[in-house]
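Visitor: Sequence:
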Amino acid sequence: DLHSFPTRRSSDLGYASKNCGAAFDGYGLNTSGSTNSRDMRMWLYENLIIRREKKNVLTQLPDKERCTIKLTQKPLWVDAKSMFELYAKSAQVKSSHPEFLAWIERLIDETSKVVIFAVHHSVLNAVEGVCKRMGVGYVRIDGNNKDQTERFSLVKRFRDDPMVRVSITSQMCGGTALNGLQVAQVMAQCEFPWTPGELNQGEDRLHREGQKGSVLIFNVVLTEFDHELIELIQEKMATIARVIGNQEIAD
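Residue numbers for the sequence shown follow our numbering, so the first one is 1 and each next one is one higher.
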């Protein structure tokens, strides 16, 4: 019964103070924190949640490892007037930066199959340009493949043709509902979506039933925006693990 959720049992401010670490800052009441996760977790499991984690269902699934790649000693600052402009400008900077292009080339050169995720066309185009210069076989899965049948055909080419070594994949179009990319064991996340769920869904294109080896995921950081966004997502992942994970974790 959602009407019994803790928010209904106390004032909004009381709930925020107890569970969100609410505090006044220079902009007003900041409720972006997470506190008393143990109590929240206990309440959810007693009233709402019956949950099995993936590792307990697919017990034979190999490990997954994430690694952050910092392309420069200090993340590059990008000026913008809004968050969406910053997102797009960060992509533009990355798509033309020599360190990024050189790293993508090394990645492709050192792997037999690799899946490369990005959000903006500017980054997808840059990766495609590297593949063309290297003469490497690739498929590109993005919004131009409007027919699901066409996307599945591209995945099949990537899966079955040893000469097709790179899948250049849009986060929006290829991050869910695609099966076959797990022929690769290496993935590069060249841009980051807004939520942990979207990030995990992308990773699960490789880390899923049928995977034969451990999966290595590179989170590629170039700009300050990249750095801030991946840190925010990792904090959200930690909060989710504390609140709904099967194993109790302290705040």
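A hint or two may mislead.
[Claimed, not checked] In silico EDC-like pairs for lysine to aspartate or glutamate, Cα to Cα no more than 20 Å straight-line:
#1 18 - 235
#2 236 - 209
#3 156 - 128
#4 236 - 204
#5 236 - 65
#6 70 - 209
#7 64 - 39
#8 64 - 160
#9 156 - 204
#10 113 - 39
#11 113 - 209
#12 70 - 99
#13 89 - 224
#14 113 - 203
#15 132 - 142
#16 113 - 160
Source of the hints: derived by calculation from the structure; they are not laboratory data.
Visitor: If a hint holds in the structure, say so; if it doesn't, say that too.
Guide: Hints versus structure:
no.	hint	in the structure
1	18 - 235	holds, 19 Å
2	236 - 209	violated, 26 Å
3	156 - 128	holds, 19 Å
4	236 - 204	holds, 18 Å
5	236 - 65	holds, 18 Å
6	70 - 209	violated, 30 Å
7	64 - 39	violated, 30 Å
8	64 - 160	violated, 23 Å
9	156 - 204	holds, 17 Å
10	113 - 39	violated, 45 Å
11	113 - 209	holds, 17 Å
12	70 - 99	holds, 10 Å
13	89 - 224	holds, 11 Å
14	113 - 203	holds, 15 Å
15	132 - 142	holds, 17 Å
16	113 - 160	holds, 11 Å
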